[in-house]
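Asker: Sequence:
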Amino acid sequence: MTMELEKYYNKFCEDKRLTRRHGQVEYITSMKYIHEYLKDNKDAKILDVGAGTGRYSVELANEGYDVTAIELVKHNLGVLKSKGSTVKAMQGTALDLSRFSDNTFDMTLVFGPMYHLYKVEDKVKALKEAKRVTKVGGIILVAYCMNEYSVITYGFKENNIKESVKNGKLSKDFHVISEPEDLYDYVRIEDINKINDEADISRIKIVSADGPANYMRPILNSMDEDTFKLFMDYHFSTCERPDLLGASAHTLDILRK
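Every letter in the sequence shown is one number past the one before it in numbering that gives the first Met the number 0, and letter 196, counting from 1, is 195.
Incorrect hints may have been included.
Mimicking SDA-like on lysine to any residue, the simulated pairs with C-alpha atoms at most 20 Å apart in a straight line are [as the list claims (entries may be wrong)]:
1. 168 <-> 183
2. 130 <-> 198
3. 193 <-> 94
4. 38 <-> 135
5. 204 <-> 169
6. 134 <-> 253
7. 204 <-> 219
8. 118 <-> 187
9. 130 <-> 161
10. 161 <-> 178
11. 228 <-> 19
12. 156 <-> 169
13. 130 <-> 202
14. 134 <-> 201
15. 127 <-> 197
16. 228 <-> 214
17. 228 <-> 216
18. 31 <-> 253
19. 80 <-> 58
20. 82 <-> 61
21. 31 <-> 231
22. 124 <-> 94
23. 82 <-> 62
24. 127 <-> 94
25. 156 <-> 219
26. 130 <-> 231
27. 38 <-> 256
28. 130 <-> 203
29. 256 <-> 136
30. 256 <-> 103
31. 134 <-> 40
32. 256 <-> 40
33. 38 <-> 65
34. 82 <-> 63
35. 165 <-> 177
36. 118 <-> 183
37. 165 <-> 178
Since the hints were made in silico from the structure, they are not lab data.
Work out the full structure, taking the sequences as your base and the hints as a guide.
Answerer: Written out as structure tokens, the structure is:
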């Protein structure tokens, strides 16, 4: 899996994705909730697990927070380090945070690993590790890629649905069946709930990180600033609605140790 991810991220620009309009929605939303739970604690220690090229960790470090970043992919880590921030960046995996003691961080971000860990037991292990290194009462924010977005866009919109069914990539109830070579794994809310139960951790809330943004990329990209602001107002007014969560491309699960 590591080699496949290296090849993928050598070509894929995560920074660019998060600066496009549809990516901005996810980024702005995630930062909104990060700040909400930091509660102006400028002494907070933050761990960013699967930090990518540092879109979140570098910004939080620039705001004055004590940030440590773990990233599996060497290319991403090199980009992160090249930004010259105060982030303490190192290579590592979400499955093994043994370099950190228990109860070290006030907040832990797990924004990339769950996309690429296709085994439930690995997702649980990653969450347990994040929980272990987070202080009692601390906050863990976990991002997931959602199943229905994949089926609707890649399956139906891009006309791959018949091939996916034929190749055994979908269950009878249209749940994506991922293998390591697929790179991404997709979940439903009940899958996330199961992971939390097995990791024995409680949820504060779960939100849609991007709402309908990824279904309407061309429309978002052509919006003027005033209309985009109205879209964000709409998104923030609906992103916590349980009836809409599973349809978004990404969810953000907010947990407390």
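Asker: Against the earlier hints, flag every one the structure doesn't satisfy and list their numbers going up.
Answerer: 5, 7, 9, 26
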